[in-house]
Each structure stands twice: as C-alpha cells, then as structure tokens.
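Let the hints inform the model, and build the full structure from the sequences given.
These protein sequences, in sequence, are chains A and B.
All letters in the first sequence, in the order written, are residues 1 to 502 by the UniProt record's numbering.
All letters in the second sequence, in the order written, are residues 1 to 139 by the UniProt record's numbering.
Think of the hints as simulated: they come from the structure by calculation, not from any bench.
Even for Gly, the Cβ is constructed at its ideal location relative to N, Cα and C.
Just to be clear, a hint being listed does not mean it is correct.
Said to hold, decoys possible - Here are the simulated lysine-lysine pairs, DSBU-like style, with alpha carbons at most 35 Å apart:
no., chain 1, residue 1, chain 2, residue 2
1, B, LYS105, B, LYS72
2, B, LYS33, B, LYS72
3, B, LYS72, A, LYS386
4, A, LYS386, B, LYS135
5, A, LYS245, A, LYS103
6, B, LYS135, B, LYS4
7, B, LYS33, A, LYS386
8, A, LYS288, A, LYS244
9, A, LYS245, A, LYS284
As the list claims (entries may be wrong) - Which chain B residues face chain A? A few, computed with CB under 10 Å, are given here:
no., residue
10, GLU23
11, LEU37
12, PHE57
13, GLY91
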Amino acid sequence: MDILNLLLQGISVSIIPVNLLSCTIGVLIGTLVGVLPGIDTVSAIALLLPFSYGMDSTAALIMFAGIYYGSKYGGSTTSILINVPGEAASVVTCLDGYPMGQKGRAGAALAISAIGSFIAGTIGLIGLTLLAPPLAQAALVFGPPEYFSLALVGLILLSRLTGTSALKSALMAVIGIMLSTIGLDSLSGISRFTFGIDELDRGFDLSILAMGLFGIGEILTAMTHAEAKPDIPSVKFRDLYPTKKEWQRSITPMFRGGIVGFLVGLLPGPAATISSFISYGLEKRCSKHPEEFGHGAIEGVAGPESANNSAISATMIPLLSLGLPFCGATAILLSGFMIHGITPGPSLITERPELFWGLIASMYIGNVLLLIINLPLIGVFVQLLKTPLNILMPLVAVVTLTGAYSINNSMFDLIWVIFFGILGFLLQRVGFEPSPLIIGLVLGPELERGLTQGLIICNGSIWALITRPITATILSIGAVAILYNFVTWFTKYDNTRKELDI
Amino acid sequence: MLEKMISLLFLIGSLTYLYWAQEFTFGTLGSPKSGFLPNLAGILALILSITVIFRQFQYKKSANKDAVDWTKFLFILIGLVFYLMILSIVGYFVATFIFLFYLFKVADTAGWRFPLVVSFCSSAAFHLLFTYYLKVALP
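Have a look at this one:
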C-alpha cells in the first residue's frame with residue numbers, strides 16, 4: 001500500500017509538464033537511436049549529457065531513462081524490415097522478424113514486437129517498483145566489505161557474460177580499474193599516474209570515455225564500412241494488425257519473455273542482449289512448431305523483444321538501490337545522475353523520494369507513450385531509415401566532439417575523446433568489448449574503497465572480510481560463476497581433446 | 001595480426017603501469033596504502049594479457065569481421081587531428097565548417113554545393129546552440 005502511495009506521488013511528479021515533455025523527448029530520441037543502425041544507446045546518452053546542464057535534474061534523468069528504454073523499442077524495426085539490427089539486443093529478432101517481413105507480415109511483426117515490449121516492459125517495471133525499495137533499505141546496512149564484494153562479483157559476472165571471450169572481458173574490466181586509479185586518490189589525497197599533468201588530477205571523466213569508446217568509435221565504424229543501400233519495404237498502419245492466430249501464438253511468449261528478461265536483467269552484463277537470446281532458445285524449445293523458427297515464427301519475435309525490454313527495467317534496480325551500474329548503459333546513466341549532483345544508491349529513496357519515484361513513474365508513462373507513438377509513427381521511422389549515414393555521421397561526430405569539449409571546456413578532453421574513439425574502434429575490430437572497461441572504471445573506486453577500508457575494519461584479515469554474512473553470500477555467487485566457467489571450459493577442452501584423439 | 005598487436009599493447013601497458021605503481025606505497029593488509037590496488041590490478045592485467053596472447057597463438061582463428069576501408073579511416077584521423085589543431089586558432093565556427101565539409105567529402109557525399117550548404121548551416125546551428133542555449137564558451 002505504501003509503495004502504491006509513493007508511486008502515485010511519483011506519478012504526480014512525472015506528469016508535471018516539463019517532466020512529461022522530457023519523457024516524451026527521451027522516448028522519441030530513444031526510438032530514433034534504436035531505429036538508426038550505427039548509433040548506440042550508450043553513445044546517444046553520452047553525447048546528450050551536456051545538453052542536460054540547463055535542465056532540472058528530475059527532468060534530465062527522466063529524459064535519459066527514456067532514451068535507454070526507448071531504444072529497445074526502436075531496435076526491432078530495422079531487424080524486421082532490412083535484416084540489420086538497430087541494437088545489439090535486437091540481433092536475434094532478425095532470425096524470424098526478417099523472414100516474416102519477406103512473407104509480407106512485417107507490419108504484424110512490428111506490432112507484436114511493440115505490444116510485447118509494452119507488456120514485458122510493464123512486468124519489468126512492476127518488478128523494479130517492488131524490488132528496488134527493499135533492496136535500497138537492506139543496502140543501508142552495507143559497509144565497505146559488502147560494497148567491495150558487490151563490485152567484485154559484479155565484475156566477475158560481467159566478464160563471464162559479456163562478449164565472446166570471458167578472458168578478454170576480464171582484461172578490459174581490469175584495464176577499466178587501472179584507469180580508475182589515475183588522478184587524486186580519494187583516500188590518501190595522493191596524485192597517482194598523473195605525471196604532473198594537472199588535468200589528470202580529476203581522473204578520467206566517465207562521459208568522456210563513453211563518448212570516445214562508443215560515440216567516436218561507432219562513428220569510425222559506420223564511416224569506414226562499405227554501406228549497401230538496403231531496400232526498405234513500406235509499412236502502412238493497416239498492415240499492423242496481427243491475425244488472431246498470430247495473437248494466440250504470441251501472448252504466452254510475451255509474458256514468458258517478460259519474466260526471463262527481468263531475471264536476466266538482475267545479473268551484471270549486457271542483460272538486454274543476453275535475455276533476448278535466452279528467450280529465443282526458450283521459445284524454440286516450448287513451441288509446437290520449432291521447425292518454423294528461422295523461417296518467420298512469430299514467437300521468435302514476441303519472446304526476445306519482450307525479454308529485452310523487461311531486462312532494461314531490471315538493470316535499473318542495482319543502479320537505483322545500490323548505486324552500482326552493471327552494464328554500459330546504466331554506467332552512463334550514473335554519469336547523468338552525477339552531473340546533476342545526485343548520487344544514486346540506498347539513500348536516494350529517502351533523500352530524494354520525489355526523484356526516485358518520479359523516475360520510476362515516468363517509466364510507466366514512457367512505456368505507454370512508446371506504444372502510442374511507435375505504432376502510428378512506424379511509417380515515419382521507416383522513412384528515417386533512408387537517412388544516408390554519410391550525412392548523419394559527420395554531424396553526430398561534431399555534436400559528440402563539441403559535447404565532450406563543453407563538459408569541462410577543455411581541449412585536453414577532446415584529445416582523450418579522440419584517443420578513446422580510435423581505441424574503441426580498434427577494440428571492436430578485434431573482439432574486445434569496451435563495455436567492461438567502462439564498468440571497471442565506474443566500479444574501480446568502489447572496489448578500492450571497499451577493499452582498503454574493509455581490510456582496515458577487519459584488521460587485515462582477509463578471512464574476516466570474506467566471511468561476513470552478506471559478503472560471504474555475495475562472494476559465493478561469484479565463486480559459483482567462476483566454477484561454472486571453469487567446468488564449461490574444461491568440458492569443452494576435454495571434448496576437443498577427444499575429437500582430436502590426443 | 002591487429003588482435004595480437006592490441007594484446008601486445010595491453011601487455012606493454014600493464015608492465016608500464018605496474019612499473020609506475022611501484023612509486024606508491026603498498027602498505028600492509030591491515031593498513032593498505034595508495035599503491036595497494038594499483039599493484040594488484042597491474043599484476044592481474046599482466047597475467048590476463050599474457051594469457052590472451054598465449055591463447056591467440058594457440059588458436060590461430062581470427063575474428064571474422066567485415067572489411068574496413070583503412071584509407072578512409074586514415075583520412076578521418078587526419079581530419080580529427082587537423083580539427084584539434086585549428087580549433088583554438090580559427091575558432092569554433094570556421095573550424096567546424098571546414099571539418100564538417102572535409103568529413104562529408106571523405107564520406108563520399110556527392111557534389112560540392114550540398115555539402116557546403118549543410119556544413120555552413122550545421123556549424124552555425126551548433127555554434128548558436130552551444131553558445132547561447134548551453135552557455136558554453138567555445139574556442
């Protein structure tokens with residue numbers, strides 16, 4: 001009942017015209033980001049950070065959250081129409097969405113995807129509403145050792161789940177931690193790895209790093225790849241009605257995807273992408289027509305598209321209640337919070353309840369807005385797909401560079417953005433995922449503070465540090481993940497050895 | 001090849017970081033100092049980079065990626081460096097106009113009039129937006 005009252009108060013905050021407008025702008029930009037291949041959610045939020053300076057903090061955060069969950073709605077459009085995923089989380093939608101489009105059912109696939117996203121998004125939001133406050137309450141008793149274990153396990157799970165190679169992800173996360181140690185040490189006040197350069201004293205700005213790795217990196221990728229002009233089919237509003245059979249086959253996958261997505265979203269890593277793959281596999285297993293998968297099965301669109309939207313809400317739980325982002329997009333959202341002088345975490349709900357509940361309530365409203373906006377405007381979004389990248393990308397490059405400069409009015413930041421942009425481009429080329437680096441950079445200070453203060457509290461006893469009840473529970477999860485990783489690796493190695501008859 | 005070069009770069013980076021980390025006091029378990037985490041992170045990065053390189057030599061399969069137009073990449077880099085160099089000399093508007101026009105041409109935008117007009121209008125719009133709306137002191 002209390003939660004319902006607080007949510008109603010949140011709704012009263014989120015329907016203030018300025019907040020409602022921010023929510024609408026956020027979900028519209030989010031949809032555009034999802035629709036346009038070559039622009040990533042993280043880079044979109046990063047490059048819009050400077051534009052939010054003059055905004056009210058609640059309105060700005062509502063807008064950023066809108067971009068985040070809105071992008072997952074738009075991501076399926078290109079998957080279905082031109083077989084190019086607008087978002088990593090919509091890769092799996094190509095498998096059945098595009099064949100549906102080839103059979104003349106693109107409209108139905110888009111409608112099912114939007115409705116599934118709405119239903120699952122709402123499931124995820126209910127989970128967020130119910131879980132975030134008690135978790136924040138519980139986290140009030142967390143001390144440095146507990147935060148250390150959370151950050152450590154977050155990084156372990158992240159390495160396990162992100163990208164193609166756990167080893168490469170782990171390396172990227174450690175490099176992120178190393179970068180986080182550059183600048184003034186908050187505990188001792190000593191300048192570390194700054195080599196007398198004053199600008200390095202404040203350390204690496206998260207938004208600068210994200211703008212480089214994701215923004216400039218993506219621009220370089222888009223501009224250096226030969227682009228074949230896709231043949232985009234036109235979709236009219238009347239084409240959007242799914243048949244009764246398509247409805248019946250989609251409704252259970254939508255709910256199932258919603259639940260799967262939410263559970264996966266609680267884990268560190270690119271939850272939206274992983275949940276869509278898990279949901280696809282699950283739907284194929286549960287379907288009465290598994291042979292249709294890959295040839296235009298509606299369940300293959302409904303399940304994954306629902307899962308990735310639900311996962312988004314779940315990824316907001318650790319950010320809002322613990323202040324710990326476990327994926328690239330929430331890390332950059334954290335940067336948005338900090339630019340406005342807000343520290344998400346256990347105290348947010350008590351110190352800024354209007355912001356906490358206003359943000360959650362705006363997500364419910366944004367979810368409805370997305371459904372209302374997406375279906376009638378599908379024709380407009382299809383037209384946007386015809387925007388040539390050779391015009392768009394140079395403009396995005398200038399906005400990114402100007403945005404990066406405006407954060408600290410510093411040419412030094414511009415140099416770093418370009419450096420990290422080149423690095424991001426090269427890393428992506430060779431299969432090193434940059435997201436763990438960003439998470440490492442964000443969780444690094446938390447890890448260091450937790451570890452050093454925790455060891456002092458425990459008189460230097462590592463055993464005492466890791467056997468505190470909550471710490472032990474959290475670390476056990478990490479240990480299980482490592483063990484699972486090791487067993488999987490060993491089984492694969494053993495199978496390869498047998499195949500080669502060594 | 002590029003993959004191995006990047007991994008080697010990480011290995012050299014980790015070694016250099018670890019070398020510089022020796023400047024800071026490690027402390028003890030009961031009283032960790034500012035060199036505590038940098039040393040641990042440096043050692044871990046070193047181990048991970050060596051393992052990544054070892055695995056790259058063990059499994060010679062390279063990531064199958066789309067072809068990159070490296071000439072275009074080089075030209076974009078030159079443009080970015082040039083933009084950085086001229087920004088504080090000629091000011092934001094002129095530098096952005098030249099940079100945008102250059103990027104449009106690098107990105108194979110057809111004709112001269114269209115890229116010139118778009119570059120001019122966009123530079124003016126960005127200049128107004130950042131200077132007057134966002135109150136940024138542009139160079």
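Quiz item: Can you name, in rising order, the numbers of the hints this structure does not satisfy?
Solution: 2, 6, 7, 12 and 13
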